[in-house]
Each structure stands twice: as structure tokens, then as C-alpha cells.
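Dock chain one against chain two, each of which comes alone in its own frame, and use the hints as you go.
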Amino acid sequence: MDFISKNLPYLLAGISVGGQYALIAIGYTMVYGILRLINFAHGDIFMVAALVTVYATTSMPLYLSIPLTLVVTVALGLLVERAAYKPLRNAPRMSVMISAIGVSYLLQNLALYVTGGLAQTYPAIPFISGTVQIGPATTKMVTLVTPVLTIVLVFALMQLINHTKIGMAMRAAANDFETSRLMGIKVDNVISMTFLIGSFLAAVGSLLYFTNYASVVPTSGAMPGLKAFVAAVFGGIGSIPGAVIGAFIIGICENIIKGLGWTTFSDAFTFALLIVILIVKPTGLFGEGATDKV
Amino acid sequence: MSKKKSMTISAILFLALIVIIVVLERMLPPTHIALAVLKKGCIYSLVAVSMNLLNGFTGLFSLGQAGFMLIGAYAYAVLTIPVADRASVYMYFDGGIIQFSVPVFVGLLASGLLAALCAWLIGLPVLRLKSDYLAIATLGFAEIIRAFFQWDKLGVVTNGSNMLRKYPTFSTTLFPFLVSAACIGVMVLMINSSYGRAFKAIRDDEIAAEAMGINLAKHKRMAFCVSSFFAGVGGGLLAMYQTSIQAMTFKSSMTYEILLIVVIGGLGSVTGSCLASFLFIASSEWWLRFLDTEMTIGGFKVPLLRSGFRKVVFSVIIMVIVLFARRGIMGDREFSVDGICRFFKNLGKKKEVKQ
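Same order as they appear, the protein sequences are chains A and B.
Counting from 1, position 292 in the first sequence corresponds to residue 292 in our numbering; the numbering is continuous, with no gaps.
Counting from 1, position 20 in the second sequence corresponds to residue 20 in our numbering; the numbering is continuous, with no gaps.
Bound-form chain B, shown alone (with noise of 0.2 Å):
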């Protein structure tokens, strides 16, 4: 198939995607879970990517991730609550001393950029360590940056720990689609382009790719940097997503589950990550609720079944997708329109086989 008819269907198939969520918004009444696990989805894609980027692409294995969703979640809700709802916002600190407000454009902007700014200064000692030393380290950097936002010194800016609200929020599930898919298609093109093919390089072995002219510091920082920028944007997200926000939510535990989805999606594999987002929140949330709920089917009353049951089922399915299908659902390899064609080619070329 030629390349431009492959874009065309893509484009279409992306057009189709957008009409059916404005159809479902139209149809489900405004509060339905499908809405908000499409909403939470996009936004959990997004950062799912963002760590994919760094982990699957690049090979450096970061926790950092709440860290940096976390400057983001505080960098849009401080910079875009409204001047006149500052005194009840931060009532404990007489208004607080930022006595402006920025579009919501700008705020996801600045989120993005002060994240990436973080990651920038905090890369400079942290990405010379390898492998696990990288992991802990990062995952300290978010411990750090949580303690520091709860700061009660602080507290002008940050309104120290307790919640921030009263920001702009978004009520149609399009807005974080089309943040997002903005975003991770900026992330497939760094992906296909020179810098991507350095940064695969460098993943697969650090010591041919410098022997080959990459420059390793160089490409980690960008690596590091462009994926904490996107946490950021899916941090402010987040918020926005949340309606109000509080440093203590960011734990290191949010990283894990967005870890968890990477891996289940398929370590290098964009679409996995956006696959594998979608069925963590929509199980999670959704389809396996009923496991929460006791349950009695002809007097005979279902065992187990009560409060938390499902998130242990939930684990256990993780547990064994880590263990036994550790190449995720997608592997390395991308959902594309040209492998569904060949896939279908081959099942045919099989059957004739067969006969």
C-alpha cells in the first residue's frame, strides 16, 4: 500500500474517532463512566508516552513521572485560577502573591516548560547514573518535589497543603482528546525522526551508539526533557481533569501504575501505551467494578466479592502479564492501518495454504 493511501485512512480512522466521541457525548447523560474513563484515557495516554518515551525508546529507566506531573498539575491550576477567586482559594495565605491569570493555553504551555526546566536542572547530576541508580534517583527527585510543593514557606505560590481549585476545567471529553493525540503525534515524529533513531541507538547498546558519533549527555537530556514536558502538559491535564488538586496525591504509587501500563502496553510501542491507558482506566474504573459490589446469583451468595476485591484481581492480571507475557500487548511494534491490511493478506495466503 502506498504511503499516501496508508495517511489517508489514518486520518480518516482519526476523524472517525472524533465524530464517535462527539456521538457518545450527545448520547450518554454527562456523568456516565464511559466519559470520564475516555477522558481519564486520554490524558493517562498521553503520559503513558511520555514515560514510553523515555523507558521504551530511550532506555533510561525513569520514576520521575508524579514528579513531573506534579509541577505541571501546579503549574496550570497556579497560573490560571481567576484573580477574583484567589482570596478563597488561598485563604490561609491573604490571596497569595500571584495576582494574575493566563488563558488555559498558556498555563498547559507553562506547565510543559516548567517541568521541562525541572527536568533540565535535576538531569544535569541525576542521568549520569545507569539503569536502577537512574530509577531510585528519580523516584527520590519525586519525593523531593512533593515535600517541596507541601512547603507551607511556600505557601504564597503553592498554597502549601491544601487543595487548589476554582481553575478553568474542560466539560467536553474532545478538549484532552485533542491535547493529547496534539502531543503524542509531536512525540511519533521526534520518534521517526534522526533524533529517535539516536535515542533507539542508545537503548539498544550506549557504548556502539557513541562509538557511532551520538552524543549520549546530549541525547539523554532531550530524551529526559521532552518526556517530563509532556508529563507536565498531561499533568496540567490532570487537573484540569480533577477540578482541584493536592500535592499529597502525586505519590510515587501514580508513577507505578503508569509503569505498569507502559509495560502492559508494550515497552517501544506508542499505540501500546495508548491501548493499554484506555483498558487500565476502563478496567479499573469500570469493567471490573462489579467485583467491588457482593453479589448473589440464585441464593447462592458470590464469595469474596466485597470492597477492594477488584483492584486485587486487577493486580493479579498485571502480576501475570509482567511475568508471562512480558513483551506487553503490542511489543515493540506499532497498531498501523498497513499491518492490519498485511495481517488480513497473510490469514488469506494461510487458508489457501491450508486447502
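One chain only, chain A, in its complex shape (with noise of 0.2 Å):
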């Protein structure tokens, strides 16, 4: 019982990060899985979600913010995807990839701009700031619904993905991106449907991942979204199902190890995984056998 007691937190609060990593996660597997990029903006655009929230909530009550703020993160991605990478589609990969870290470094620029460097206190958002005792362990609400909420848009995700048209146009693009071109697929409208869900749920993962943190600053956004990543690949690169187990796993493991008072190594382990993972299985827990990543 005293083993439980001392490490339910960690756990929880592991539970609960996965949750949120796994919300961005999603961003980076669907992107990958059709364009083949990297896109180190997505954490840059999970920050930009965050500071919406901040400004917003400021100046209009909470039932308009949270929307704003998906909106606003939504067409953030859009724009990103239409600027940065558009232009670029018949460039080599490498020169897509740097324009996606031109981009984080914009972002993270603009948003030292605005916030004037400062540190922007996020709003508590009640309800899912409010405490909540489970067992012996205190914690607030949002660990108790960042699972859930997780698992409820992924179902949909899924459903969209495998039952519906768009679904249906995205896994082709996903398995050959030429193919489906000629078979009349607009393939510019499937990339846009994906930034648009990728954004929409790293909108969503922020609202639920900065109620932990008491502020954010312009490279809040840069670990999580690193890590989210290091879970996408865990998963399997293209694979949704993958992602969200990947980071379920990297938010429970980086947590008991900051439990077993090993913290300065809680980011190190992922990337430590992330090493092991690519050179032991390259395509990942749920991964096609794809050959071209070693």
C-alpha cells in the first residue's frame, strides 16, 4: 500500500501527460504519413495555442476563448502548411525540413515579441484546474480527463479516417502520394484536412497540457513537441493507434523515472528510446514495413 500511495502520482500524472504528448502526436504521424516531413513547427504552433489562450481569456469570458483559440490554432496550421510548405512540395526533402525549422524559429521570435519576454500566466480553467482525490493521491481534474478526452478523439479520428471520404482519400495519399494524384484525389486539400486536425488537436493537448504548468513561454512548446514526436516514431510513423500508445508510454515512463528522483534524465530517456527504438525495430510498434528509414 505504501508502494501504491508514493507512486500512484507519478503514474497519473504519467497517464496524463501521455495523453497530452499523444495529442500532439497525432499532428506529427498524420503529416509524416503523407508528406514525409518532420514538421518541427507543430510544438511552435502548441505554444502559439497556448499563448491564444492566455490573451483571450483575458479579454472575453471562457466559452468564447477555448473556441477562439482552437480557431485561431487551426488556421495557424493551415497558413504554416499553405507559406512554408506548399511552395516547396517538389523540393528535396531536406529543404522542406529546413523551412519547417524556419518556421519554429519564427514562431518562437514572434511570440518573444509579443509576450515581451515575459513569462504569460495561464489562466486556470475550471473545472478541469479544480482538485480531485483519487485514493491517497491529490491531483487536479485534468489528469482525470486528459485520458478520456484522448481516447474519445481518437475514436472519432479513427472513425473519420477509416468511414468517411476524406478517410479514405488521406490513407491513399498516406500510401502513394503520385498514385492518388492520378486517381483525381486533390491531394492539397487532404494535406490542408490534415493540418487542420493536427492543429485542431494540438489546440486541444494545450488546453489540457498548460493547466499543469503554471506559465508559458516562447519554448514551452519545444520538448513537448520533440517528444511527441520520439512517441510517434515508438508507435510506428503513420500509424494513429501507434502514436497514442507511444506517448501514453513515454508520459508514464518519464514520470516514474522524475518518481525514482532521476529528473535530470526525464528527457534524456525519451531520446535514449527514441535511439534504441529506431536502430532495434526502425518502423516502430505498429509501423509498415517501410525501408527507407535505415
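There may be inaccurate statements among the hints.
Unchecked claim - Now the in silico label distances, taken between C-beta atoms and shown as ranges: (1) A:L118 x B:L347: 51 to 61 Å; (2) A:K281 x B:E210: 19 to 29 Å; (3) A:P87 x B:W286: 23 to 33 Å; (4) B:P82 x A:T219: 33 to 43 Å.
Just so you know, the hints here were simulated from the structure itself, not pulled from any lab data.
Here a beta-carbon is modelled for each residue, glycine too, at the ideal position from N, C-alpha and C.
Structure below.
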């Protein structure tokens, strides 16, 4: 019992963080599945979503500011895709990745300018910021909300991908970009849809993630972004259930490592895991057998 | 133009640069921003060229540069802090366990060697990966290194997450200039040798290169180690420039900055990287400074200007270059005396045709 009461908080935090990573990781894995691009700017879009929430809540009630956050984030995601990735559709992969790094640099600097370099206090969102008692552990409501919401959203997304026309187009584009274009699929629309879904989930993720933190700074998106990407690789890039499971595993492991008193290495662990998974099983847990990774 | 003649002109240009630096140092007050830009520009040139060797010439998209610079900076600082000052620097760790110090050049050499050794070790597994997977793995490696150097169990060597300081630094701009020039010279020699041609062959087509009898693993490992060696030396120089270092400043954003420098200069151009480094440092630290201060012209307050605006403008410029001038300033060409002469000759010819 003592063991449980000591470790339960870390486990709960792990599940919660894992769910938040999962919501970001879906954006990575879907974009990578279609464009073969590591969207380095995705973590920064996640950060911008948090900043929009901060600014929106100061001037309007919550029931307006949260939808506004979602809309602005989605618009930003679409804008980034149109402005920075679409012109490079036929360029080498390296150029697109450099463009993604450039966008990430731009978004961080823009955030630095808007915030004036000051950490912005993240507002308390009623209900999910409230505390709740689970057995011996006290935690925020968000810890319980996150996994449920994640699973609901992922279920909805899977329905979309497996049972709608646009979902079928997405699967086709991910499978073979050129052929699906020849078959009359408007690939640009599919890509926009992918960015729309990815940014939407990142915005939801940011609402949940930053509830656990006091403030937002321009670089707060970088680390969760990279970890979510690792989760996507771990689960098998291109596979949505894989990304979700990978994210939960990473979130839980990371918090257990923190619980053991190795906080310095909680970030390093994720990357060590990445290197190991790339070498041992480069297709990830649920990835298709692509051969161009190693 | 004969090879000998162009060599002579290059040598004269190099000497002229040294003279200009010496004169500038005499004329400007030692705290003038131009000197700081020159010093930092030299260091960034070295690091950018080392990254270009890997990304531009060998086609290995690695994002571990900040990690190797961190290793170099720490190796230099740890080895060269005078014994007498160790007690005050390592105040939380009883003076540390290293109770000797080495001369500056040995320290810089050690920083390069240690970085190269780490590169060799990490290269064993990581170099089997391709393109973006290599990028993300090396990025991850840099993060691991950063965590490792902040670990307080290693504090007796690395001083944990505390600052390292009081190691010997340089006061003249000539020092980083000459060290960087020597290192870049070595890399240029390497690029022009048969190894360099093998690197370029790997970049252009791995399968064809292998079919031509190039040992892929060996050459990739060599490029990775050499690049890391010079990144390590660059890290050592950066430590000297900053006079104090802390592991937490070597973030992945540092790698991104260097990558953007390389892209602006042109992937596959050494002179492009050097030029872009100076432009990058000068505009981010000096020329665009005015954007950060509020300004009124004739009673009209210029909008948007306030702290941080410089960086926004700067990153917009970078995005424009990345999107619309994808080959950067130099593309994969090199700046050379011959090229300039040819340019002017062609200019003359064109005018004649017009007439």
C-alpha cells in the first residue's frame, strides 16, 4: 500500500502527460504519413495555442476564448502549410525540413516579441483545474479528463479516417502520393485537412497540458513537441493508434523516472528510447514495413 | 590565370584581412560591437563550415552540432581552469577532482578530440539511419549530452548545472580568427582531397558511390568525426569568447541557428558558410539593433518597434531566403579570386556584345 501511495501520483501524472503527448503526436504522425516531413513547427503551434488562450481569456469569457483558441490554432496550422510547405512540394525533403525549422524559429521569435519575453501566466480553466482525490493521491481534474478526452478524440478520428471519403483520400495519399493524385484526389486539400486535424488536436492538447503548468514561454512548445515526435516514431510513424500508445508509454516512463529521483534524465530517456527504437525496430510498434528509414 | 598566381593573390588577401583586423583593434575601443561581431563571427564560421562538411558535402543531415560544441566547450573549460581557481569555481564540489590544468592549445585540441571520440561512439549506431531519422536521432543525442553534463553526480568534473568560469580566454580578435582559419583550411584541404570527392559522391548518390567502391560506413564515420572535431574546437573557442559557460545554453535552437547559417550561405559552399556567419552575427547583434528601440521621426512614432522586433524581422528574412532563394548566397559555388576575375571579364565581354 505504501508503494502504491508513493507511486500513484507519478503514474497518474504519466497517464495525463501521455494523453497530452498523444494529441500532439497525432499531428506529427499524420503529416509525416502523407508528406514524409517532420513538422518541426508543430510544437510551436502548440505553444502559440497556449498563448492565444492566455490572451483570449483576459478579454472574453471562457466559452468564447476556448473556441477562439481552437479556430486561431487551426488557421495558423493551415497558414504555415500554405506559406511554408506548399511552395516546396517538389523540393528535396531536406529543404522542406529546413523550412519547418525556419517556421519554428519564426514562431518562437514572434511569441518572444508579442509576450515581451515575459512568462505568461496560464489561466485556470474551471472544472479541469479543480483538484480531485484519487485514493491516496490528490491531483488536478485534468489528470482524469485527459485520457478520456484523448480516447474519445482518437476514436472519432479513427472513424473519420476509416469511414469517410476524406479519410479514404488521406489513407490513399499516405500510401502513394503520386498515384492518389493520378486517381483524381485533390492532394492539396487532403494535406490541408491533415494540418487542420493536427492543429486542432494540438490546441486541445495545449489546453490540457498547460493547465498543469503555471506559465507559458516561447520555448515551452519545443520539448513536448520533440517528445511527441518520438512517441510517433515509437508507435510507428503514420499509425495513429501507434502514436497514442507510444505517447502513453513515454509519458508514464518519464514520470516514473522523475519519481525515482532522476529528473535530470527524464528528457534524455525519451531520446535514448528513440535511438534504441530506431536501431532495434525502425518501423516502430505498429509501423508498416517501409524500408527507407535505415 | 595560373594556379600559382591565384594562390599568391589569395595569400595577399588573407594577410590583408589580418592587417585589417589589427588596425580595427587599434582604432576601435575594445568594447566596440564590431569587434565582438568579428570574434563571434569567426567562431560561428568554424562551426558552420564543420556542419556544412556534414550536411552540405556528405549529405548527412545531422542536428547534433550543439551537443558537440557543448562537449568541446566543457572539455576546454574543465581542463584549463587554473588549479588555484578551482576551489572557487567548484565551490559546491570541493574543488572538483581534476587538480591540474593544461595550456590553451592543448585544451582546444582536447576539446576537439573528445568531441570526435563521442561522435565516433554515437556514430556506431546512429549513422545507419537515413535523412530525417538521422536528424532526429542526433538532435536527441545532443539533448542527452546536455542532460548528462548537468547531472550533479558528475559535478566533480562538470560542476553540475553550475557555471564554469575563470579559465583562460582571449583578448585579441586575431586569436579566434587564426584558429578558425587554420581549422577551416584543414577542412578545405580535406574537401578537395579524394576523401572529399568520396563525400560528395555519397551525397549525390549513395548507391552509385558504393558501386564505385567507396566504403560508405567508413567515409560517413570519417565525415561525422571530423565535423564533430571542429565543432568541438568551435565550442572551445565559444567558451573562451563567452568567458563562462553553462550546459543549459547549448540548446537545440543553437543547432537550428547554425543550420540556418549554413542554408543561407549555401549547402556545399565553405566560403558561403563563412560569409553567412558574419552576416548572421552582424545583423542579429548589430545592424538590426535599431529595430529593438522605439523611434520617433518628426513627431511620428514608428509603430511595432520594441524589444524583440529585431528577431521577428530577422526570422522573416530567413524564411524568405529559405523559401525563395533555396540555394542560399553562394549555392554550391566557392568564392575565389579566379571566379571574380572571370566575372569581370565576362562583364566586359557582355558590354562589348551590346555595343
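Evaluation of the provided hints:
no.: 1; hint: A:L118 x B:L347: 51 to 61 Å; result: holds, 53 Å
no.: 2; hint: A:K281 x B:E210: 19 to 29 Å; result: holds, 25 Å
no.: 3; hint: A:P87 x B:W286: 23 to 33 Å; result: holds, 31 Å
no.: 4; hint: B:P82 x A:T219: 33 to 43 Å; result: holds, 35 Å
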